[in-house]
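Heads up, the sequence shown is in our numbering, so the first residue is -9 and it goes up one at a time.
The set of hints was computed from the structure by calculation and includes no laboratory data. Careful: at least some of the hints might be erroneous.
Unchecked claim - Straight-line distance between alpha carbons at most 27 Å, and here's what the computed DSS-like set of lysine-lysine pairs gives: (1) Lys0 to Lys28; (2) Lys28 to Lys10; (3) Lys46 to Lys79; (4) Lys214 to Lys178; (5) Lys26 to Lys0; (6) Lys297 to Lys322; (7) Lys214 to Lys125; (8) Lys28 to Lys46; (9) Lys178 to Lys202; (10) Lys200 to Lys0; (11) Lys243 to Lys125; (12) Lys26 to Lys50; (13) Lys28 to Lys125; (14) Lys24 to Lys79; (15) Lys79 to Lys200; (16) Lys120 to Lys134; (17) Lys50 to Lys24; (18) Lys202 to Lys120; (19) Lys241 to Lys356; (20) Lys50 to Lys28; (21) Lys123 to Lys46; (22) Lys59 to Lys46; (23) Lys10 to Lys297; (24) Lys434 to Lys454; (25) Lys212 to Lys243; (26) Lys454 to Lys427; (27) Lys212 to Lys134; (28) Lys59 to Lys134; (29) Lys297 to Lys356; (30) Lys297 to Lys123; (31) Lys297 to Lys202; (32) Lys202 to Lys322; (33) Lys200 to Lys178; (34) Lys24 to Lys120; (35) Lys79 to Lys26.
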Amino acid sequence: MAPRVLISDKLSPAAVQIFKDRGLEVDFQPDLGKDKEKLAEVIGDYDGLAIRSATKVTEKIIANAGRLKVIGRAGIGVDNVDIPAATAKGVIVMNTPFGNAITTAEHAIAMMFAVARQIPAADASTQAGKWEKSKFVGTEITSKTLGLIGCGNIGSIVAERAVGLRMRVIAFDPYLSAERAIELGVEKVDLDELFRRSDFITLHTPLTEKTKNIIDSAAIEKMKDGVYIINCARGGLVDEGALRDALDSGKVKGAAVDVFSTEPATENVLFGAPGLVCTPHLGASTSEAQENVALQVAEQMSDYLLKGAVSNAINMPSITAEEAPILTPFVKLAEQLGSFAGQLTETSVRCIRLEYEGEVADMNVKALTAAALTGFLRPLLQTVNMVSAPVLARERGIQVEDVRREQQGVYDNYIRLTVITERQERSVAGTVFSDGKPRIIQVKGINMEAELGSHMLYITNDDKPGFIGHLGMVLGGSGVNIATFNLGRTAPGEDAICLVEVDGDVPPEVIEALNRLEHVKQVKPLSF
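Construct all of the structure, not just a fragment, from the sequences and the given hints.
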């Protein structure tokens, strides 16, 4: 059965056709997103949901989405999607961060010109039959200092355009490298210095707890008198009340605002302020950008639903279509290693360390780490998945470490998972052979080789003669059939491990009988 996709916003016909051409079943209802109740009622029938900004994907809608696997947002902002709820449900949320980057950057530049030269007010005055030439004296931008708050996809395009306009560009962005700053021709500064030096300030950062009201009354107080502020990024980055006061007092000479804390912004404290230019969230509103993001989201969602490829996901490591089939056996191995360790861990976990050696170290280890965390947390949380596992581990204070290195042993690829608790370290390692099947190759430093089945017994014991025979007699006498038997030991007569695959669940009384055997340290049933 082909995956079903619901499009609940206005997407271009070409995007709808992409879904159809890729073999997906598409239900195009461009006005459905405005009706939350109806959307919640029908969402359970779909594997994918393609949206723009009109659809609000709430916790209630996600709760009803029993088979939903992916939400695709044609555009950058995902403020209209409950990301935590989607993550907890295992629903991947994708956006299209590149499709409208140029358009949004161009709008910021246009807004900067508009507010610097008072173009909207001058236009209205002139068309009203007035000729108020002396009233609309503007400000040149050449040689002025432009401060960028955020220098990612859009901010870097604004920087390039501003440098071309002969502006001095400074930027605050914790993730901007020194090399990238030099490449763009910008100077990296801290936020207070940006406020102090800038003639124009433009914002290009997501709305998070750290960036909410990043420009407030205290920030404005640090700025030059007569500064201009441009926000074409996200409502909520600027304290609108503080900006209104600064416009009224003249501290801020002009502001250009495309985004508001509440949208649609039919009323706002900024409206009517002197030196204000407003547009109704037009940053991405060009025909080229609308088409680009629609086509991009259709391709991304199709690739995921048909091939397992993940791109531009907010809550999941990216996996290309080429990587997906190669990664599959390693994802299974990582999840099995995590599950093995998770089922044996009974005390508080401080850290999980994943070591990738050989060929696997060059793969997408973020996805593999997410799979390992999924396996580790599932015995405790049941519904955890690759989307939610990294978040849940972080919420529980579990430190996660990734280590990569070149091949050192006999295996072409090798993954070791070590769990560090308050009392001990326990490790398990595995590999994928040429047949594509994962194998456990080491447990607690003891070498062995075992393919994990649905029902396993993990047995630690002293390596003594006759032990295996006694073990087999107890299992056989209880009607438990052994499928495979795998052994490992540190040295003759010392610590040993058995991994026994059986054909079904082992009754608790049989586990108790095994634990009473001489030389047994622990018998624990595991399931995979």
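*asked:* With the threshold set at 27 Å, check whether the alpha-carbon distance from Lys123 to Lys46 stays at or below it.
replied: violated, 46 Å
_Satisfaction of hint between Lys10 and Lys28, Cα-Cα up to 27 Å_ = holds, 24 Å
*asked:* Check the hint pairing Lys79 with Lys26 against an upper bound of 27 Å on the C-alpha distance.
replied: Satisfied, since the Cα-Cα distance of roughly 19 Å is no more than 27 Å.
_Hint consistency between Lys434 and Lys454 [alpha-carbon to alpha-carbon, up to 27 Å]_ = holds, 19 Å
*Distance restraint between Lys214 and Lys125, which requires alpha-carbon spacing of 27 Å or less*: holds, 23 Å
*Are the Cα positions of Lys0 and Lys28 separated by 27 Å at most?*
With Cα atoms ~17 Å apart, Lys0 and Lys28 stay inside 27 Å; holds.
*Going straight from one Cα to the other, do Lys120 and Lys134 come out at no more than 27 Å?*
violated, 31 Å
*Given the hint that Lys297 pairs with Lys356, does the C-alpha gap stay at or below 27 Å?*
Given pair Lys297, Lys356 holds - Cα atoms ~18 Å apart, limit 27 Å.
*Does Lys24 pair with Lys120 here, judged by a C-alpha cut-off of 27 Å?*
violated, 43 Å
*Holds or violated: Lys200 with Lys178, Cα cutoff 27 Å?*
holds, 19 Å
*Can the restraint linking Lys28 and Lys125 be considered satisfied, given a maximum Cα separation of 27 Å?*
violated, 53 Å
*Taking 27 Å as the top limit, are the C-alpha atoms of Lys454 and Lys427 close enough?*
violated, 32 Å
The structure fails hints 10, 13, 16, 18, 19, 21, 26, 28, 30, 31, 32 and 34 (numbered hints given earlier, in ascending order).
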